[in-house]
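K.L.:
Assembly of the complex is requested from the two constituent chains, each provided in isolation within its own frame, with the hints serving as guidance.
Heads up: the sequence lines are chains A and B, in that order.
Under UniProt numbering, the letters of the first sequence match residues 1 to 168, in that order.
Under UniProt numbering, the letters of the second sequence match residues 1 to 316, in that order.
FYI, nobody ran anything at the bench for these hints, they're computed from the structure.
For each residue, glycine too, the CB sits at the ideal point set by N, CA and C.
Careful: at least some of the hints might be erroneous.
Stated by the list, open to error - One side of the interface only, derived from the structure: several residues of chain A facing chain B at Cβ under 7 Å:
| hint | residue |
| --- | --- |
| 1 | M77 |
| 2 | A79 |
| 3 | T85 |
| 4 | L88 |
| 5 | L143 |
Here are the chains, one letter per residue:
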Amino acid sequence: VSGAGAALRPCSSRVAQDGINKPVIDRIIRVDHAGEYGANRIYAGQMAVLGRSSVGPVIQQMWNQEKSHLKKFSELMVAYRVRPTVLLPFWNVAGFVLGAGSALLGKKGAMACTVAVEESISEHYNNQIRTLIEEDPEKYKELLQVIKQFRDEEQEHHDIGLEHDAEA
Amino acid sequence: KMAAAGGLRRAGWRLWRARRAVVRCQQCPPLRALQASAALRAASDEHKKEPWASSSQQHFESPPAGHQPEEKPQGPHPSYTGQGGQESEDYESEEQLQHRILTAALEFVPEHGWTAEAIAEGAKTLGLSVAAAGLFHSDGSELILHFVSECNTKLSELLKKEQKLVQLGEAEKKPIDEFLRDAVEARLRMLIPYIEKWPQALSVLLLPRNIPSSLNLLTSMIDDIWHYAGDQSTDFNWYTRRAVLTAIYNTTELVMMQDSSPGFEDTWRFLENRVADAMTMSNTATQVQSTGEAVVQGLMGAAVTVSNAGTSRAVR
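For reference, chain B alone in the conformation it holds in the complex (with noise of 0.2 Å):
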């Protein structure tokens, strides 16, 4: 009796945690999700195979004693032994878990596309239910969208990576357009391996429930880009600038899509072509400006020009 009470607390304890940790996070599964994941991780620790119903029981039943719940998850996540019962005494977040099997199931994306039988898959490897893609929307949109983190986090760190070796002196700074072109490269390179399926994915991400998060992803990856190719810009600029790289960022992907040549060489001369076309068109802007700049100075020195002969005209 005494342990179960201790069980039962545990448990409970378990998903208060969870829920805590749930309500920070903006994109929240449903609450039965929750009850769901807190069993799962019990079903992982004590018996891989037997479906959930059972073994949440048998938790309750049998847990350590005298066992203190930590107050926070460790920072970085916890690497996964794969044997159970070592990781019991790990509490991860609600996040952290549902971040572990979205990264898992992507391996098993070319196969099955962004679908909850990845999910299911990735799961699996982690030697939890399949009834982990439950946690999910069925249409995939939380692994796209965590695909397309990941992969904004990538180029990040590529940037940032490439920034300090010119700082350093290591690496000579880029022109503009070749550093725009190099890393719209780099970031669709990393669609490579699930090409197959990206078009479903596109289409997903375009669901008004998703767009909110979509849009918030590309538009920071763009701003990233920006920042890092050095732009400074405290005017309209700063929007002209990043509109211009998401057109050329979204038409070359779907180019990319459709794209059979070897090695995509048909995208990247694609690329090429709009970001050179996007720096004539600034210059072209520039010169525009300039001319009619020159255009109304010539008009006031003609303006003043007459005045001062019709003046001069008068006196005498």
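The shape of chain A in the complex, shown without the other chains (with noise of 0.2 Å):
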């Protein structure tokens, strides 16, 4: 195995998982999943306000399927053993306060500021799909199906932010 090279390499005592490029998956599985993180916290900002408003429910069910993301994704960071970002409390503050600050502005702010953020992870995660894709499409192809359904669904919740920013 890679004992003799990688020993005289002090670094890492950890063997590559089948060859995978350890750092950019890494990095891919790092960063989703303090977004999904972030995420998460900008939907209960926008819950905390508008919790009770007609809006609500649909603010409820997006929060949801970002919860269901989140779980994912910290299920991927155990099997390939990522650490996660240093940044989280910042990001547990920071994406709190943006849910509620653009709640406060009421249910048309809460909704540009959905429409705006899924728009942005919408491309980061097509970004990461033409990634993999270069790399190699069959090893990663699990890792690709999973962003391929999440960008989907980030899509979705784009698309419902606007009918609702529209609406209102």
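P.N.:
Here is the structure:
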């Protein structure tokens, strides 16, 4: 195995799993996990303000989907032994403040925030899909599937946001 | 003339391959060492005792004819038979050669310390010239880093084996504090044969040049221990746990340097206490958090009651 070569490179004693590009996968999972965590906090902030309004159920449903996204990335994080971002406490607060702040501007504000965030998340996921396909679509099939599905769901959120933004 | 040309081509090929292997290695010895090591291999094949300057000329004059060099070094590094000439067909990479020299040198560390002397002695047992020590820094950095890396690998294998036993149901799953204690003790016990010279090694590991590597080795070892302990945190706990365990490991290591009790029992008792402290700390933190949450709930309840009372009074 890589004992001979790796031992002289005084770095990790860990062996790469099945020859995946660990640094790239690490970064992808860490960023996605942080992103979903932040999105969770944004929706939590919005719910805190607009939870009992007419748009409450819509936000709650989108929030539930983000929770399931976060759960999936947490599982991937453990499976690939990726470390979480050190900025988690910061995203915790910043996300909540952004969500609550935009909700205080009213339903339109909250929806506009959702649209903007989901748009940039979708673009970000698309970049990652491109990167993984360039690397090796076969090797990263499972991860690609997950990211594609999440990208589609974030796109849905974006469209829901537009719908309600236009209405309100 | 033809033989000389062939010899030059082979020597050039070896140098090119050695350079290629080294370029992939992040911790490279200086370029002059490449030529030294190629010549060393030649020296080991042909003449063990002669100074390498003359033996490299010998090499050019008498290569085996019609030999095709292999493209890649063989997988696990080749076993060295110790007889000159039989290994000349075997192209191992620069890294593998250095790895073998350093492994051989470890035996001489208790006597010579982490120095070029130990490396030279190690090289001699492999039948290489003592000039092999020139491949490495004179402060023994590579030797120490190699040793640490080997210990970490041994620890990982040990933990993986234990994990397999637990999965097969042949062993009980240890409680966290016992697991951490045993893992740290197992890792520190690997220092015992070298304990006299270990303080010297610690100071070398702290040289600015070595800090990236030594820090990397330390953090991945701690991460490995937590991984096998079953840590699955994906929040800030990930960092807290590793920081705590790193502190425990480092302080216990320092205590061990000064421990003269039989079988290092003072060190293991110190370790037990630190791990217990860490467990208490985390329990306290959980308790503080739940207390905090309870207090907040109480305040919210009081606020709601007061505002309801106010509203109902207003209605009346």
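K.L.:
Indicate, hint by hint, whether the structure satisfies it.
P.N.:
Status of each hint after checking the structure:
| no. | hint | result |
| --- | --- | --- |
| 1 | M77 | 5 Å, holds |
| 2 | A79 | 10 Å, violated |
| 3 | T85 | 10 Å, violated |
| 4 | L88 | 5 Å, holds |
| 5 | L143 | 17 Å, violated |
When held up to the earlier numbered hints, the structure conflicts with 2, 3 and 5 and fits the remainder.
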